[in-house]
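Undergrad: As a plain string of letters, each chain reads:
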Amino acid sequence: MLENAFNVVMAHPLLLAVIKILIVFAVLSGIVAYLVYMERKVLAFMQARLGPMRVGPWGLLQPIADGLKLLLKEDIIPAGADKFVFLLAPAISVLAAFTVFAVIPFAGNFYISDINIGLLFILGVSSLGIYGIILGGWSSNSHYPLLGALRSSAQLVSYEVAAGMALVGVLLISNSLSMVEIVNRQQQMGVWNVFLQPLAFVIYVIAAVAETNRNPFDLPEAESELTAGFHTEYSGFRFALYFMAEYTNMVLVSCIAVTLFLGGWLRPFSSVHALDFLRWAPPVSLVGAAVFILWLGLQSRVPLERYFFVALALGCVAVGVIISYPLILNAVQGIFWFGVKVLAFLYAFIWYRATFPRYRYDQLMNVGWRWMIPLALANLIVTAVVRYLLSAHTPASPVAWLLR
Amino acid sequence: MEILFYICAAVSVLAALNVVLQRTPVYSALSLILVLCLLAVIYLLLGAEFIAVIQVIVYAGAIMVLFVFVIMLLNAGREVPSERSRLARWLGVPLVIAFLLEVLWAVWNQFPSGTAPAADFDAGPAAIGHLLFRNYVLPFEVTSVLILVAILGAVVLAKKEE
Chain A
1 MLENAFNVVM AHPLLLAVIK ILIVFAVLSG IVAYLVYMER KVLAFMQARL
51 GPMRVGPWGL LQPIADGLKL LLKEDIIPAG ADKFVFLLAP AISVLAAFTV
101 FAVIPFAGNF YISDINIGLL FILGVSSLGI YGIILGGWSS NSHYPLLGAL
151 RSSAQLVSYE VAAGMALVGV LLISNSLSMV EIVNRQQQMG VWNVFLQPLA
201 FVIYVIAAVA ETNRNPFDLP EAESELTAGF HTEYSGFRFA LYFMAEYTNM
251 VLVSCIAVTL FLGGWLRPFS SVHALDFLRW APPVSLVGAA VFILWLGLQS
301 RVPLERYFFV ALALGCVAVG VIISYPLILN AVQGIFWFGV KVLAFLYAFI
351 WYRATFPRYR YDQLMNVGWR WMIPLALANL IVTAVVRYLL SAHTPASPVA
401 WLLR
Chain B
1001 MEILFYICAA VSVLAALNVV LQRTPVYSAL SLILVLCLLA VIYLLLGAEF
1051 IAVIQVIVYA GAIMVLFVFV IMLLNAGREV PSERSRLARW LGVPLVIAFL
1101 LEVLWAVWNQ FPSGTAPAAD FDAGPAAIGH LLFRNYVLPF EVTSVLILVA
1151 ILGAVVLAKK EE
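Heads up: the protein sequence lines correspond to chains A and B, in order. Heads up, the first sequence is in the working numbering, so the first residue is 1 and it goes up one at a time. Heads up, the second sequence is in the working numbering, so the first residue is 1001 and it goes up one at a time.
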């Protein structure tokens, strides 16, 4: 029965693609929901608070409660708003954010598609996401959203240039636009791109924070000046869509940075065989998580919560045992390391928010145009020249090349 | 795949008509974006994936963003239909029909079988890069200088007004 179903799926590539898309969409939505929880918790701990604690043990059911609340709230359309565009805009934002995941390789054996223009596809589709913001702000027929949308689009356009040029540096090294090929190339060279392109990495990370409208570049929704920026007039489900788009974009830029600069699904030092014991990291970290959960649960005075945490810890151990089988252990390697790296990135995103004060608007533009873009250009030129000097058709020494 | 072509072609023609007929500038711009994206899909179906993506990045993602931006800044409302001249009223539609027939005739002559043969060249980024930087490097660079001149001209014109 199961084998039969497996064969049917394998025989129809379209069906396989649809199943993969559904898996990615479902997992991603869950991750986005709990990313909000993680953000609130991490921020709270950094500020010596507890964060959400009421809904479920340690507030674990908070995202579900929030989602339900937003679904049930009234969907208000302001008088004088351009109704069609107002309804369309949040959908564009979410659509653009989710579509890009079609070319992200989550593991060497799990990606929706591997096209030879993967990186360009990412740049193209994510540049369409800006329409969600502009149109949302414009159609609200209100001052704060319009100003927020203007700021946001100016910011996105400015930082997209720097980010794009930083990515070209990686391209020059990897010789390919395919995301899978870029990771494979890092495996072949035995070194992650971040060590070959450190400047490009820093520029991309800064631009990524700016493009996702996150602190310290969250001017489009600066509360003290613009209430909530472009989505001030949105409520209920449509507000939730914008919210989802923002957090999906956070996950997205983390995935891109990890794939291009941090070796994607490769484990650290993947070409050093002495470190092969690192393949046991997934089950070991699950057992570690179980111990932590148990420790957390035993502090609770509510019996129901204690049972819940013990069950959760047992579940973690069970999953850890299951993935220890050699076949499954090999299959989860890629996805585990990819997940760990992305999680580290997301944590850094939250960390920035707790650390940096917001930029002023003129400072933002200064940093973008006077520092990031010239630096990205310089990086590009140096990379291209070095790449040419090291390539096969050049004469042995640079001097010979100059005298030619 | 053929059905995909017909859907994209039909919708893009409708959207293109909407660009012209629409009285609200933002709707015109949105329809134009739709047309550009659908054209990109048609390029993809023809196997020209690089052109398809560049189409989206440059036109839909950059130039149209500027268009929408400007429309928003000017806060342009509905267009007021102007008094059309008698000449335009009598000659407009016949001329459009004549032009359309001419284009159809030209295409029909080119491909009497009704289907254009699939191109048999590599349209990947590497092949196009080779063409641009080997065979057509002079026109390519001259075009970029031309665009630079246009930008400088715009800056100069904008400065003069102060």
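By construction, these hints were calculated from the structure, which means they are not laboratory data. Worth double-checking, as some hints may not be accurate.
[Stated by the list, open to error] Per label pair, the in silico range of CB-to-CB distance:
| no. | chain 1 | residue 1 | chain 2 | residue 2 | range |
| --- | --- | --- | --- | --- | --- |
| 1 | B | 1122 | A | 325 | 26 to 34 Å |
| 2 | B | 1157 | A | 61 | 28 to 36 Å |
| 3 | A | 13 | B | 1157 | 48 to 56 Å |
| 4 | B | 1121 | A | 113 | 22 to 30 Å |
| 5 | B | 1004 | A | 296 | 36 to 44 Å |
| 6 | B | 1145 | A | 74 | 55 to 63 Å |
| 7 | A | 113 | B | 1126 | 14 to 22 Å |
| 8 | B | 1007 | A | 79 | 51 to 59 Å |
The C-beta atom is built at its ideal place from N, Cα and C for all residues, glycine as well.
Undergrad: Hint by hint, note whether the structure agrees.
TA: Outcome of the hint check:
Between residue 1122 of chain B and residue 325 of chain A the beta carbons are some 44 Å apart, a value that contradicts the proposed interval 26 to 34 Å. Our hint of 28 to 36 Å for residue 1157 of chain B and residue 61 of chain A is violated, since their Cβ atoms are close to 60 Å apart. Range check, residue 13 of chain A to residue 1157 of chain B: Cβ separation about 54 Å, and the 48 to 56 Å hint holds. The beta-carbon spacing between residue 1121 of chain B and residue 113 of chain A, approximately 23 Å, falls within the hinted interval of 22 to 30 Å.
About 52 Å separates the C-beta atoms of residue 1004 of chain B and residue 296 of chain A, a value inconsistent with the hinted range of 36 to 44 Å. Judged by the Cβ atoms, the range 55 to 63 Å given for residue 1145 of chain B and residue 74 of chain A holds: they are separated by roughly 56 Å. Roughly 19 Å separates the CB atoms of residue 113 of chain A and residue 1126 of chain B, a value that falls within the hinted 14 to 22 Å. In this structure the hint that residue 1007 of chain B and residue 79 of chain A lie 51 to 59 Å apart at CB is violated, the actual value being about 37 Å.
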